[in-house]
Structure formats: structure tokens, C-alpha cells
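So the chains spell out like this:
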Amino acid sequence: MKPAIEVKEVSKMYRLGQVGSATLKDDLVRSWNRLTKGKDPFADQGQENDRTSAALNPYVWALKDINFEVMPGEVMGIIGKNGAGKSTLLKILSRVTTPSVGEVVLRGRVSSLLEVGTGFHPELTGRENIYLNGAILGMRRVEIQKKFDEIVAFAGVEKYVNTPVKRYSSGMYVRLAFAVAAHLEPEILIVDEVLAVGDAEFQKKCLGKMKAVSQEDGRTVLFVSHNMTAIRQLCSRCVVLKNGTVQTIGEPNATINTYLTTFDKHILEKDWEEQEAPGNESIKLRSMSLCYADGERPTTGMFEITRDLVLKARYEVKEPMGAFTHGLSLFNEEEVNLFNSHDVTSSLRNEERKPGMYTIEAVIPGNLLSEGKFSISLTLFKKTPFEIFAQAEKVIQFSVVDEMTGRSARGDYAQGWPGMVRPLLQWSSKKDTL
Amino acid sequence: MKQELPVTHIRPQKSWFELGWGDVWQYRDLVAIFVRRDIVATYKQTVLGPLWYFISPILTTFIFTFVFGSVAKIPTSNIPGPVFYLSGLTLWNYFQSCFTGASSTFTANAALFGKVYFPRLASPLALVISNLVKFGIQFSILIAFSFIYHAKGAFVWSPDLHILLLPVLVALMALLGLGAGILISSLTTKYRDLAILVSFGTGLLMYITPVIYPMEALPIQGAWIIGLNPISPLVESFRTCFLGVGELSWGGLAYSGGFTLVLLVMGSLLFNRTEKSFMDTV
Numbered sequence: 000m001k002p003a004i005e006v007k008e009v010s011k012m013y014r015l016g017q018v019g020s021a022t023l024k025d026d027l028v029r030s031w032n033r034l035t036k037g038k039d040p041f042a043d044q045g046q047e048n049d050r051t052s053a054a055l056n057p058y059v060w061a062l063k064d065i066n067f068e069v070m071p072g073e074v075m076g077i078i079g080k081n082g083a084g085k086s087t088l089l090k091i092l093s094r095v096t097t098p099s100v101g102e103v104v105l106r107g108r109v110s111s112l113l114e115v116g117t118g119f120h121p122e123l124t125g126r127e128n129i130y131l132n133g134a135i136l137g138m139r140r141v142e143i144q145k146k147f148d149e150i151v152a153f154a155g156v157e158k159y160v161n162t163p164v165k166r167y168s169s170g171m172y173v174r175l176a177f178a179v180a181a182h183l184e185p186e187i188l189i190v191d192e193v194l195a196v197g198d199a200e201f202q203k204k205c206l207g208k209m210k211a212v213s214q215e216d217g218r219t220v221l222f223v224s225h226n227m228t229a230i231r232q233l234c235s236r237c238v239v240l241k242n243g244t245v246q247t248i249g250e251p252n253a254t255i256n257t258y259l260t261t262f263d264k265h266i267l268e269k270d271w272e273e274q275e276a277p278g279n280e281s282i283k284l285r286s287m288s289l290c291y292a293d294g295e296r297p298t299t300g301m302f303e304i305t306r307d308l309v310l311k312a313r314y315e316v317k318e319p320m321g322a323f324t325h326g327l328s329l330f331n332e333e334e335v336n337l338f339n340s341h342d343v344t345s346s347l348r349n350e351e352r353k354p355g356m357y358t359i360e361a362v363i364p365g366n367l368l369s370e371g372k373f374s375i376s377l378t379l380f381k382k383t384p385f386e387i388f389a390q391a392e393k394v395i396q397f398s399v400v401d402e403m404t405g406r407s408a409r410g411d412y413a414q415g416w417p418g419m420v421r422p423l424l425q426w427s428s429k430k431d432t433l
Numbered sequence: 000m001k002q003e004l005p006v007t008h009i010r011p012q013k014s015w016f017e018l019g020w021g022d023v024w025q026y027r028d029l030v031a032i033f034v035r036r037d038i039v040a041t042y043k044q045t046v047l048g049p050l051w052y053f054i055s056p057i058l059t060t061f062i063f064t065f066v067f068g069s070v071a072k073i074p075t076s077n078i079p080g081p082v083f084y085l086s087g088l089t090l091w092n093y094f095q096s097c098f099t100g101a102s103s104t105f106t107a108n109a110a111l112f113g114k115v116y117f118p119r120l121a122s123p124l125a126l127v128i129s130n131l132v133k134f135g136i137q138f139s140i141l142i143a144f145s146f147i148y149h150a151k152g153a154f155v156w157s158p159d160l161h162i163l164l165l166p167v168l169v170a171l172m173a174l175l176g177l178g179a180g181i182l183i184s185s186l187t188t189k190y191r192d193l194a195i196l197v198s199f200g201t202g203l204l205m206y207i208t209p210v211i212y213p214m215e216a217l218p219i220q221g222a223w224i225i226g227l228n229p230i231s232p233l234v235e236s237f238r239t240c241f242l243g244v245g246e247l248s249w250g251g252l253a254y255s256g257g258f259t260l261v262l263l264v265m266g267s268l269l270f271n272r273t274e275k276s277f278m279d280t281v
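Sequence order for the protein chains is A and B. Per numbering that gives the first Met the number 0, the very first residue in the first sequence carries number 0; after that it's consecutive. Per numbering that gives the first Met the number 0, the very first residue in the second sequence carries number 0; after that it's consecutive.
Same shape as in the complex, but just chain B:
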């Protein structure tokens, strides 16, 4: 007996209440192969290949150390500058690449999306996963730096059990970047000017995220702005858990988690609606 054939209905518009993640599961092999493609392609395209993943955070870290540490003398909670900045940058960079990548989903894939159907969410999802490689490389640099500065006696690196929270923080950051990215990507199909906002907005966003300074160093009256930024607790907690300094703010993490969930649901809903009609507007 033949198995029951799947029936597809193609109708004018999807309802508003469809998240679309079920379809993605059907296409999990595609997600896997997109991840592979992204990694292999990046590796093959440039002469130095993944070496850039080492060079750029190290360079950035030293420039930050000079500008914010030596010149501006922003305190770093008694942690050596390079370690402090790198611990912030590692997670921040991951967010940034997920967010900017996901936010150009429709425009970057217009040619492909115009020719064949697959759940469009597979693209940003694959991107978020393949960015983990870059994150992994930077994370290993962070470990190396911490180790070196610890060995030199510049600070005491004593991570406790909280370090087990790191994967959760990274996952939350991935989902936050994904949620915000797909939300923006849906909007950019209609409002092209948002793309410009994204490119310089993320640059500015870093300054209201505790990447180059600790939350505790903030003047009281300005702290709430930084606190409202859902990325702040993640970056701050990442540093706390990894280096084993300071107190973990569970309230802040709950706020980030809630924010992520709302953004992800909103993003998915809007993305699914956009996916149906964007070919007519791009």
C-alpha cells in the first residue's frame, strides 16, 4: 500500500498566527547543509581563510585596550584590559554577526528564494549556527588570553560552576540575534531605509552594551538605559560566568530571556507573512 501523499494547499495569505518552525524541522537536512556551505565557502574564498577570525578580534582587543584603557582610562573591574574586552567582544561579535546576517535574509537570498520553495527560516537559522564556528574560534582566543594573563599573575582566573551557564547564554544570544534579525529582515523588504539603520545602529548599540566597560562602573543616572538593552545582561553574565568575577543578575537574565522570546515570536510571525509575498515586492 502506498503511503498517504502529503497535501499542500497554496492560498492567498498565511494567517498571522503561524510560526513556521515545524516546516524547518522537515527541512533539517537543508539547514545542516547550509551551515556546511557557509563554513566551507568562507574558508575557501579568502586567502587567509579563517585566519581572519583570529586577526580581527585580537586587533580590536588591542585597539580597545589602548583607546579605552590607556587613553580614556575606563575601569575594567580589576581584570586585565585585553581579557576584559575580549570577553565582551566574543559574545557581542556573535550577536552582531547573527543579527546583521539574519536581517539581510530576504535581500541577500532574493535570487534563490525566487526560484525554489523551502522554509525561508532555514536560511537565518543556518546562519546563526554557522556563526558558532567563528564564535568558537574567538572563544578559544579568549581562553588563551585568560590563561596567559593568569599565568603572568595579572589576575586570578577562577571560574566556578557558573561556567556551565555559558552554553545557555550563547543560545540566548543566538536566539536574540535571530529574532531581531528576522524581524528587521521582514521589515526591510518594505522599508529599505531600515538596512542603513541596521548597519550603523549595531555599531552604536555596542556602546550601550557593557562590552568596553562593566555595568558597575556606570554612573547611577545613566545605568537604566544600558539595563534596558536586553543584550547587556547576556554580555555581563557571560563575563561573570567565564571569569568568575562579580555577581550574576538573575533578574537581568530573565529580562533578556523574556525579551528574546517576544522578539522571536514577533519575528517569526512577521517573517512568515513576508515570506509569502516578498517576491512581489523585492
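The following block holds chain A by itself, in its conformation from the complex:
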């Protein structure tokens, strides 16, 4: 089987600042001088500018040597920071602009959704706009006729098909626009961030539709989004663009994690030397670390939401001490203290400590934290009278991600999920018998 999309050595160069000389006068002067004096008066200027600002090359590669293939039926995600070249790539693939170098081969009809409601005319009715938008996106009239009722039903605008869309609420407008796009039947669908619009329910509908399009109809989808959860759920592979080049291509979970780690600083392990260790003369905190229950630790610093995490710490008691306990505090990215816990279970907690090394472990259960970034503080302290012996504040820093295995509290829901914590609750339901 041949790939549906082949991107071969594609590069796109932009020239910063003005393109061409922009006015007819300049070009006429240039032609005249070339004819009469045999030289271009603006050429000198160009060279001069070049010398003074050699570092600022006016040419910029928005994309450089992009290579990848997408097989039919595959959903390929494209992620990258702003300015990484995502939009330029999409523009080339949807034939809005051409590459400077290289070639793209598309096998099948292509529809691109770089925005919802492209070409919608406010004065026209919903019905007229369905035909207009459908035609702009490459549908034949008969196809639209066949799908018309389905589109209207999907958008939920049955009552308003004969109302000009300028009287629509913005939600209805977007729903109608997406509905047209969703019912296109191209072999290749190129989608850019359209899911950023509409309410949660509609977004879910859109994601479901896109999934159906690829899985049931075997269409190829190229999907650009900043919504990592949507990418994880929908895509079979993922391309990470960075500064106009392909950074990685691969299975979405791994690529997304690599992509995210390039931004987030994670500290999963900390060892202290004698001098710098938190504590006092009699007790020193020597190390802290975070890992899964089996001792494994993701190199990316991103822990799976469903798995138990173990916080380990070692401290050194230098001279005999009275009983004291261990406590931890967990914070989210907004510095909200999500919970505190002190040792009420371990065997040593009420005993006096003899000099030596001690190891403590605390298990943070899976399916408790939400997705996001967290930090942990550890304290060695006495309750009565309250006294802190050693404290390491927000030393461990890590992230929790939902890899959409279906076993988390999310289930298969891919949209935004509020809440400080995300416990997996036990639900039951039955039909009442009267």
C-alpha cells in the first residue's frame, strides 16, 4: 500500500521584511537602469545592508528538510511550539502555498480545515452556507445534498436552516461549520486546532467524529493541536516539529512526553552532601527520590496517572534523639497545597532514634493526582512541642500524565478536566424495580 501523504525533503523559505521592491516605480527604475547603464541601482544597497547586518540574514527557513509519510487510515498528530512551523506545513499540505524546495504527494482527495466556517457568508442562510462551505471544501453539489440532513442534525440547527447565519449564536455558527467539515468525504483530512472551539459536549462530539472518520471509514487524518490529551487519544503516530525541523516521529505517548520534557524541569532524585544537607547538628536529610512502586522511574519525569508513586528519603541521625515523625506536603503548579500527610503508620515513628542511617518510604496512590506538574516537600519534625528538625521544600518536581489507557478517572474522555485531584471512584447503577 502506498502512503496517503508523502512529504519529501520539504523546505520553505521566507524572506523577512518586504518582498520584492513593492512598488512599480522601483522595478521600473531598476529595469531602466539595467537597460541604460547595465547595472541595478538597488543591488548596491542590498550589498551594503548585507555587510552591516551580516548576522541578520533576511532569509529564514520556516521549514527545513521535512520528511515523513502517513499511511492510509492513520491519524498523524503534529505538535510543536508556536513558530515551530506547524502552520506553514499545513499550508503547504493544503495547497495554500508552495514549498520552496521538495515535494509533497497526496493520494486521494484532500480537505483541509485550517479554520471552521471558511467562506461562510453572514447574509446567507444556514442552508445556503452549508452548500457554499461544502463547495469551498471541495464537495460536489450532489454529495452535499445527500448529506444535508445529517449535517443539520449533527450541528443541531434544524430550526434555523433558513435563518441567515449572522443571527446565529457563536456556538451554533461553529457547530454548523464543523458539521459541514465533519461530513466531508475526502480520503485525507487536514485539521488545525478546530477543537479549540465549542463547548465540552460539542468538542467530544468532534473528537468522536474524527475517530470514526479514521477508524471506520479508513481515512487519513493529519491533526495539529495543542491539546495533548486529544492527540494521545486520537493519533496513532505523532510528529514533533521544532524550529522548522522534525524533532521526533513516533508513538504519541513517548513523543508527547519527550516534547513536554523539553519545557518542564523535573527533579526526581536529590542527594545532599554533608555540608549542604538540610537538618541540624544531630540529624541530616541525605536523599530524596520518587519512583514507581517497582523502583522504575520514567526518564522524562512524567508519571502515569494510574500508578502508585513511592517517595523515598534517607536521613542520618548523628547523635541519639527522641521520637519524631516524618511528613510530606504536595503542591500543584499553582503552589496550592493539595494535601499533607505525616507518618501515622510506620514502626519507628514513636521510637527514639539511635545514630545511623534511616530510610523512609511513603506511597502516593495512583488515580489520586490530576494531570499536571507537582512538587513535594519533606519534613522531619516533632509534634509536641512542635519542632522542625529538617525540611526540604519542593525538592522533588514531577509531572503526572494520563496516557489514555482507559483505566484512569478519565475513561475515554479526552477534553479538559477540572479539579485539583482526580480519584477514580467506584460507581454503580441499576434500574429500579417497582
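Please note that a few of the clues may not be correct.
[As the list claims (entries may be wrong)] Computed footprint of chain A on chain B; a stretch qualifies when at least three of its residues, placed anywhere within it, have a C-beta under 8 Å from a C-beta of chain A: (1) 21–32; (2) 109–116; (3) 264–278.
Just so you know, these hints were derived from the structure itself, not from any lab. Because the structure is a prediction, the values reported are computed rather than measured. In this text, a Cβ means the ideal position worked out from N, Cα and C, and glycines have one as well.
Fit chain B to the known structure of chain A by using the hints.
What follows is chain B alone, placed relative to chain A:
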């Protein structure tokens, strides 16, 4: 068995020798719906709607009758002034709206062109077709005027078989406006100052077109300039065929036809090249 999938190659630049009209045929439904959109939108947007299509030529005709007829006393080949001017204006207005509309294809549609691909020629083509509605309205006014002045006995309206040539003249005018328009629109993406030239240039162009005067009334030494204008034979022939007065200049028509063809081919070539890269320059 599944049908063979169409294969698209996206490469750096289209070759110079691609007219691009084949793609437009693939998208004929889009052209049809653009035409519909243009008509409906114009109709809905203004309070008076298409009434403007009646008001503006009638007003213009009466002002011309006063200025050029009563004040300047330019002869009108023994045809009543209003009929004479309107017969010229009807086709001229059609050319003007096609030309100015098509010449702003890229700038007016930048937002749409930046988001989705379709053969860009569909836009100016649809425009030329939807302008036919406006032309039709003005043409019906012309018929009404001719009828009234004929009934009043101001002149004898006796169209002969030549009247069958009218659709050909209108089509030629459409293609001429389209060709010139797409040529200019391609150039304006690079040279913005051309847009200014278009707006006042078309205003002036009317004066070197036999709209307010007949070719025969021209002094010999100046006539060649008017003759070089490819619109002149079309406007002149339109009047001749419609009113049934004067002689048809086949040579002039051939000149217009040839000019139209050259302009259309040049325009298409340049337009196709521009369509590929204009998003980077706009």
C-alpha cells in the same frame, strides 16, 4: 474494486505554461455557488437591494444627456440621447464591474485563499457571471427606453438579424474584463500602486471608449487612439446590433477578439503563477 485515487503533487512552482482552467471545471459547482452567493448577498445587504441597479444607470443616463447632449452638444448619430448613452453604458458598466472586480481577486479574497485550496480562477469567473444579473437589469432598462422613444416617434428602432450577435459581444466583453482583471490582480499582489491606477484608470478609459459619442463623430486625427482601445469595437458593435443603425466593423471585432484572447492567456498564465505564491507576499 475501489476507484483509482487522484494523486496530487505539490511542488515549488508551477511551470509558466499552465492555464489552470481544467481545475476550474472540476470545481464548477463551486463557481455556481459563488455566483449565487454574490447575487443573494448583494440583494440582501442593502435596503433598496437591486433597485440600485435601476437607479444608477438611469441617473447617469440623464446626467450624460444633460452634460454631453445639451451642454456639450456631442452628436449621437440621430439617436435620442438617453437611448444612445444607455446603449453604451450598459455594456461599458458590465466591462467595468468585471474588470475592477476581477482585478481585486487576490486582495479581496486573501482571507479565504489563505485558508483553503480551490482553483482561484473560480472567484473572478463567478464574479463575471454574477455581474450578468446587473447587466440583465440594465439591458432591460435599455429595452424599455428604446421602446418608449420609439413609441414617441423620436427615432425608428429597427433591429435586424444582427441582434443575434449580442450574446457574442457580451461574452467577448466578459472575457476581456476577466482577462484584463486577472492580469492586473496578479500584478497588484506585487505592485500595490496598480490598484490606484485601476480605480481612476477605468474612469478615464470610458472617455476613450465610444460610450458618450459615436466613432463616426470623431475627428480623423484622433480616431486611431479610440480605435486601438479593444473595448471600442465591442461597445460600438453592441449599439449597432441593438439599435440597428450604422455599419458593423468586422475588422474591429476581430481586433477585439484577438486582443481578448491574448489578454486572457497572459492573464491566466500570470494568475496561475501568482496563485501559488501570493500568500507569502500579501
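Verification of the hints:
Beta-carbon proximity to chain A at under 8 Å applies to 5 residues in the region 21–32 of chain B; the threshold of 3 is reached and the given coverage holds. For a cut-off of 8 Å, the count of residues in the region 109–116 of chain B with a CB near a CB of chain A stands at 6, and the three-residue condition holds. With 3 residues having a Cβ less than 8 Å from any Cβ of chain A, the region 264–278 of chain B passes the three-residue criterion, so the hint holds.
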